[in-house]
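Number of protein chains: 2
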Amino acid sequence: MNIEQFVEQSTGEWRSMRSGHSLAFQQFEEVLSIVEINALDVGEAKVSNFITSQGIDTTKVTSPFAMRWEAESDWEPDDPSAVAEGSCILIPIPKTETTGVILRSVGYAEAEQASSSYSFSSDGTLNLLTQYGQSIAEERIWFVSDNVRCRSSVLRTSEGTGILQTSFASEVRRIKA
Amino acid sequence: MNIEQFVEQSTGEWRSMRSGHSLAFQQFEEVLSIVEINALDVGEAKVSNFITSQGIDTTKVTSPFAMRWEAESDWEPDDPSAVAEGSCILIPIPKTETTGVILRSVGYAEAEQASSSYSFSSDGTLNLLTQYGQSIAEERIWFVSDNVRCRSSVLRTSEGTGILQTSFASEVRRIKA
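Chains X and F supply the protein sequences, listed in that same order. The working numbering puts the first residue of the first sequence at 135, with every later residue one more than the last. The working numbering puts the first residue of the second sequence at 135, with every later residue one more than the last.
Careful: at least some of the hints might be erroneous.
Since copy identity is lost for identical chains, a pair holds within one copy or between any two.
What the hints assert, rightly or not - In silico SDA-like links for lysine to any residue, alpha-carbon gap of 25 Å or less:
#: 1; residue 1: Lys229; residue 2: Ser255
#: 2; residue 1: Lys229; residue 2: Gly258
#: 3; residue 1: Lys229; residue 2: Ser256
#: 4; residue 1: Lys180; residue 2: Ala200
#: 5; residue 1: Lys194; residue 2: Pro228
#: 6; residue 1: Lys229; residue 2: Asp257
Note that these hints are calculated values from the structure, not bench results. Since the structure is predicted, the reported quantities are computational estimates derived from the model, not experimental observations.
All chains should be built: construct the whole structure from the sequences, respecting the hints.
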């Protein structure tokens, strides 16, 4: 598996079930959401502007894509503002066939721009490591069939080995983009 | 990672948070449980009896262990009978340093004896594949720190590629056995 194949296999609209585990308090969170993934062209203005702003050579970029999500948490079911939505642009910069960096216009654990290092395991799992200001997120994404993929994440404190939270998402494709 | 190290690292009492995802109905299940893992000796009667009953040569067995669990599902919180408990003996039979078979005295997805093939990924993840009568379970177990491990599972129909259910458990060690 390489990043080009992975992005190609990921495009479409996904119905996601996500469970969060707060380990210290043994609290569960359940989130249903729609995730949309679309391939982008390196030549598109929003892509090339972001690449240029990061001082990256466009020829080093492979398979940029956009993610959009609309989530409804179970924490405040009666609060319409609890519907979280957002979007970001992701820019893969391969280093080798199975490793590289992905730049993200908006982070996931913290609301800032983020850079993740990635590597593929021999079984095709995408491993992502993202250093934020206060935490480190480790994600694994793998396909269990053409139209079902799983994502697990572990959030650590950036200083030590304390594990703040884990999460797991099961995603079923609704529409191939 | 090999099976001997993995069993050694797994012994103790674990506090487990487990989320199940029924994909067709988008239903969440939440289970809190205590899981106890203890190393066994090949010479113990309950181990050697089980090995012999399976027609296995005891010299091929490495690091047998016992698992005991006590789970309380959120599905019927007021029903004391919803507290599921059970135990089993697990008998690893390595084939190579990173692959082999684990015999289980009681299955996990279905209440029958089970045989799982296992393999370790390069990152130390234990991958288990278990064929039951009606389904195939794929499990991944990996340590995210010395005292925190994650388990994901995917349950497929045995005939095709239909995915029935996924689950994810976060386990924190309480007491080292």
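State whether the alpha carbon distance between Lys180 and Ala200 is at most 25 Å within one copy, between copies, both, or neither.
within (10 Å within a copy, 56 Å between copies)
25 Å Cα threshold - placement of Pro228 relative to Lys194:
Within. Shortest intra-copy distance 7 Å satisfies the 25 Å Cα cut-off; inter-copy 44 Å does not.
State whether the alpha carbon distance between Lys229 and Ser256 is at most 25 Å within one copy, between copies, both, or neither.
both (17 Å within a copy, 20 Å between copies)
With 25 Å as the alpha-carbon cut-off, assign the pair Lys229 and Ser255 to within, between, both or neither.
Answer is both; intra-copy 15 Å and inter-copy 22 Å each pass.
Up to 25 Å CA-CA - Gly258 versus Lys229, copy category:
So Lys229 and Gly258 pass the 25 Å test inside a copy (17 Å) and across (23 Å) alike.
25 Å Cα threshold - placement of Asp257 relative to Lys229
Cα proximity of Lys229 and Asp257: in one copy and across copies (19 Å, 20 Å).
Against the hints set out earlier in the document, no violation occurs for any number.
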